[in-house]
Amino acid sequence: MSKEINQLLDWIPNADLATLPVVSADDHRVGMRNLAAAVTIITARDGDTHLGLTATAVCSVTAEPPRLVVFVNKKVAASEAILNSGALCVNVLSGEQEHEAKVFAGMVEGVHGEARFQHGQWHDLASGVPVLDGAVANFDCRVVKVFDESTHHAFLCEVLATRGQPGGEPLLYLNGAFRRLAPQA
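Numbered according to UniProt numbering, the sequence shown spans residues 1 to 185.
Derived by calculation from the structure, the hints in this document are not laboratory data.
Check the hints yourself; a few may be wrong.
[Unchecked claim] Derived DSS-like pairs (lysine-lysine); straight-line CA-CA distance at most 30 Å:
no.	residue 1	residue 2
1	Lys74	Lys145
2	Lys75	Lys145
3	Lys102	Lys75
4	Lys102	Lys74
[As the list claims (entries may be wrong)] Pair ranges (Cβ atoms, derived):
no.	residue 1	residue 2	range
5	Trp11	Val144	19 to 25 Å
6	Ala57	Thr162	18 to 24 Å
7	His28	Val111	36 to 42 Å
These figures come from a predicted structure and were not determined experimentally.
Each residue gets a CB set at the ideal place from its N, CA and C atoms; glycine is no exception.
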């Protein structure tokens, strides 16, 4: 079975830039704190077990085909579940869903594992992975490629089903805190 590689194998990095040192992890974190990001709950299913985590490392890749890339830390149980099942859902949280964000980020004491799914209303779409009601958008996905990126897996996903709320206000994460957009006048 041949594997198709979508990497530009003949591309060569700039040799002058390759010799420059990179910033420290702490300096990088300081800079990233100022990059506002939509807050999502990434959900997965491994057999009868539901798993999820709060994440901001999600990005649209293409509209045709409809693809997203989702970065998940290898150490969380959901990462292994996504590898096993080949499916995940990106639930883009509304400004009113900060509590759910905290639950899935492990910030609510005593709530772990499947008990997290007792917060919010859940059902499924095409893949059978949990989908959060009331989210600004839901992207139910199949994984088509996995990239090993240091501490994370980068899951390249094709969107099987979507749902959304026109005009919904997303929950954002900026400078170490959850934030809402000010309503437009």
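Could you check the structure against the hints above and give me the numbers of any it violates, in ascending order? 7
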